[in-house]
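Protein chains: 2
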Amino acid sequence: MYKCSLERMSDKIKTFSTYGDAGHGGITRYSLSEEAIMARNEFKKRMEAIGAIIEVDDVANMYATLPGTDPTAKRIVMASHCDSVKNGGNYDGILGVMSAMEVLETVAEQQIPHKHPLTAMIWTNEEGSLYPPAMMVSGIVCYDYLPEDIRGKFKYEDMMASKSILDPTKTFGQALDASGFKGDKKYRLNPDQYEYMFETHIEQGPILEDAGNDIGVVDCVLGMFNYRVKFYGQAAHAGTFPMAKRKDALFASAQALCYIHEEIDKLNHPELVYTTGEIVCHPCVHTVIPDFVDFSIDARHEDPKVLEKVLAIVKSCEDREWAGCKCVVEKAWNRDTVYWNKKLVGYVEEAATEAGIKHQFIHSGAGHDAQFASYMLPTTMIFVQSKDGLSHCEPEYSTPEHCTEGATVMLNAVLKADAE
Amino acid sequence: MYKCSLERMSDKIKTFSTYGDAGHGGITRYSLSEEAIMARNEFKKRMEAIGAIIEVDDVANMYATLPGTDPTAKRIVMASHCDSVKNGGNYDGILGVMSAMEVLETVAEQQIPHKHPLTAMIWTNEEGSLYPPAMMVSGIVCYDYLPEDIRGKFKYEDMMASKSILDPTKTFGQALDASGFKGDKKYRLNPDQYEYMFETHIEQGPILEDAGNDIGVVDCVLGMFNYRVKFYGQAAHAGTFPMAKRKDALFASAQALCYIHEEIDKLNHPELVYTTGEIVCHPCVHTVIPDFVDFSIDARHEDPKVLEKVLAIVKSCEDREWAGCKCVVEKAWNRDTVYWNKKLVGYVEEAATEAGIKHQFIHSGAGHDAQFASYMLPTTMIFVQSKDGLSHCEPEYSTPEHCTEGATVMLNAVLKADAE
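Chain order of the listed sequences is U and G. Take the first sequence: its letters are residues 10 to 429, numbered as in my numbering. Take the second sequence: its letters are residues 10 to 429, numbered as in my numbering.
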């Protein structure tokens, strides 16, 4: 049982938090931005310092590899991303990169014997905050292995043409060309050279904290659907149009949202989560009755039968009367539950138990690059407790102790995989 | 009893509809835009053709005056605006200008005797679509006469500094300087030179059409309030945060909106109108539980006691529990019911009766420049039937016959005022 270094991990957290520091505790570090390049250079510097070989593929993914003793053994990769959302925190994504670095640094410092080459990896553009979509580059790299309905959204040419949300004259392809990090396609993660993938990530929820556990042994990424619920009414002047003749699309949507909550709550599935995060209202002027409203509904649960029941409720909105408005329910996308490799999940659980770290099994509600990688390689994830369950915001926080425990669990799980 | 010309009115409607033609039946004609200047030049050309004197004040209001026979008599002004909302129709505002032109043209053509000088006027920037607020320039001109709480929003310096919603580097003051229509302050509408004001406008509601009446004799502009209802929750990841711990500001707002509708409907005031037209959601991302939602609530009724009861319901949202979110209700603005001058309302009613035009008394739910003018001069309005009650949209329509009837009623009402 080996242990990672709290001191070295704390130093990394402190250092990486300066790259994109937004001035009030968090960061904005869009993929391939100047700030992200500072983080990439820090990764390169620290990995070269322990003798790792650096490779960069054609979509700017970075790989730092320590050779193993068996020249025929494939690499074991530990990967996450270094980009953030706007005004994000210092842990989402970068913790997985720092944990992978910490594993390699510990292996190098303690001269831990290993057969397989061990690789720490940075995925490009996981958040998709500047150039949508999220998980863009794992979508490109794992393209041939993805289910067809997912694959269609990650065509290389489309991804290169993805426009900056801040400046539509700029594309992801141009940012890639200008980054200095466009390497060789032959270095892309692939199943011929790589055996397994591990990803450490913050939990992004309060389950571990509430249970008093430090580490989550992740078993799956929850299945989900994302639909749009649309209401078509009639615009008219707020001051002159009688109530009885109105077709108010916003009032219709408020009624439907309350109905959806009431009906779904009756299903009584405590592990189900569902969210309306986005609403579009037209024309959105205080003196005009809205003629169009469109809201999102995102639902997640391990069991597809539960999701089916939830979807039936959402779809039933089409058959009901909402303030004189027509309702149309449209699928945006969905995914089935993705289970991690059982053997690797077992290694993580054993490693946590042997290290005496408080842990539990947990599902991932959010998507991660590991999810796409899992269609190509045996893959698993480790979660680190998130304070108050907060993420994608500046107060996002995990203690240095928990972060170091996460790296220790990954190190020992990787060594179990190495020892097969 | 004099009659206006259907042919001439139809020609004006057709001509003005080309200035800002958006290509599918409506117009976009922002105040002081190239399109609005074309409309102003058309006004000038036609008014000069009948011998009217053209004056322009320092805030680009245009006045075309036919002298009367009594050199001591003050002017009677007929006024409206030629600017539109984005993708508006061919009647809102401009109908009042065309009706005023039509009255002067009829007076000139039929050599109708009149003691008072008669003025057709264009108000600048009534819609405030490009440079907010609405009714900006009547606010400036009538400033000294307005109630203090309204006046504060129309300070000259603030209005000149109003930024374009399309290009925040441009101000209304700059647009005014560049327009070629910045004249002399001495020409502003004022009670020393002007006796009465009339404004003809489309109804913007379905009341006349439903009742089978062509013309509305407007008696008041309804009192109203506009409040913001705000919900403060907690952002968290849609996929990872348990339902029981959420503080979802959007669900809170949907519940509150349904509550407000239920409670207000219990008051059972059929003439009351209330609207939530605007909603702001933060961060408005489909994978994030919203932490802030803010919606508008606009309510209008003649009787302030009814509005008080409605406001009490809206304010009671602060005392209730909404999905774990705090609710704050804030006043944006309000106005008391503004009654038109009874004598002028009587002239309009008599004129319609004498012309055999189907008419009824009606309230105005919307605000108009006439409302601010009424604090300075005796003022009244005439409504023309709106097809389907639609306005501020491209299908906005009134028949040429009804438009001409509106001008005929205004002409004869003005002549009654002239004959006092």
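Worth flagging that the hints you see were computed from the coordinates, not collected in a lab. In this text, all values refer to a predicted model and were calculated from it rather than measured experimentally. Do not take every clue at face value.
Note: identical chains are not told apart, hence a pair may lie in one copy or across any two.
Claimed, not checked - Capping the alpha-carbon separation at 30 Å, the derived lysine-lysine pairs in DSS-like fashion look like this: (1) Lys340 <-> Lys195; (2) Lys23 <-> Lys195; (3) Lys351 <-> Lys335; (4) Lys239 <-> Lys164; (5) Lys396 <-> Lys172; (6) Lys95 <-> Lys239; (7) Lys335 <-> Lys239; (8) Lys314 <-> Lys254; (9) Lys396 <-> Lys164; (10) Lys425 <-> Lys83; (11) Lys95 <-> Lys335; (12) Lys195 <-> Lys275; (13) Lys83 <-> Lys396; (14) Lys335 <-> Lys275; (15) Lys314 <-> Lys396; (16) Lys191 <-> Lys324; (17) Lys324 <-> Lys340; (18) Lys352 <-> Lys172; (19) Lys95 <-> Lys179; (20) Lys318 <-> Lys12; (21) Lys95 <-> Lys172; (22) Lys239 <-> Lys254; (23) Lys53 <-> Lys351; (24) Lys324 <-> Lys254; (25) Lys23 <-> Lys54; (26) Lys340 <-> Lys396; (27) Lys254 <-> Lys95; (28) Lys239 <-> Lys275.
inquiry  = Treating 30 Å as the Cα threshold, decide for Lys95 and Lys172: within, between, both or neither.
reply    = both (16 Å within a copy, 27 Å between copies)
query = Between the shortest in-copy and the shortest cross-copy C-alpha distance, which are at most 30 Å for Lys335 and Lys275: within, between, both, or neither?
reply = For Lys335 and Lys275, both the intra-copy (25 Å) and inter-copy (25 Å) Cα distances are at most 30 Å.
Copy assignment of Lys239 with Lys164, given that the CA separation must stay at most 30 Å = within (28 Å within a copy, 42 Å between copies)
ask   = Should Lys396 paired with Lys172 be assigned to within, between, both, or neither, using CA atoms and 30 Å as the limit?
value = neither (34 Å within a copy, 43 Å between copies)
request  = If the cutoff is 30 Å on CA atoms, where do Lys53 and Lys351 land: within, between, both or neither? Let me know, please.
outcome  = neither (32 Å within a copy, 83 Å between copies)
request  = Go through the copies and call it for Lys340 and Lys396: within, between, both or neither, with a Cα cutoff of 30 Å.
outcome  = neither (34 Å within a copy, 37 Å between copies)
query = Is it within, between, both, or neither for Lys318 and Lys12, if the alpha carbons may be no more than 30 Å apart?
reply = Intra 46 Å, inter 68 Å, cutoff 30 Å: neither.
request  = Measure nothing new, just compare the shortest in-copy and cross-copy C-alpha distances for Lys95 and Lys179 to 30 Å and report within, between, both or neither.
outcome  = Both. Shortest intra-copy (18 Å) and inter-copy (29 Å) distances satisfy the 30 Å Cα cut-off.
message = For Lys324 and Lys340, with the copy left unspecified, which applies at a CA distance of at most 30 Å: within, between, both, or neither?
response = Within one copy, since 10 Å is at most 30 Å while 38 Å is not.
task = Using 30 Å as the alpha carbon limit, work out where Lys239 and Lys275 are close: within a copy, between copies, both or neither.
result = both (23 Å within a copy, 28 Å between copies)
ask   = Between copies, within a copy, both or neither: which fits Lys23 and Lys195 at Cα up to 30 Å?
value = Neither, since 34 Å and 67 Å both go past 30 Å.
query = Is it within a copy, between copies, both, or neither that the alpha carbon of Lys195 lies no farther than 30 Å from that of Lys275?
reply = neither (52 Å within a copy, 70 Å between copies)
The structure does not agree with the numbered hints 1, 2, 3, 5, 9, 12, 13, 15, 16, 18, 20, 23, 26 stated previously, though it agrees with the rest.
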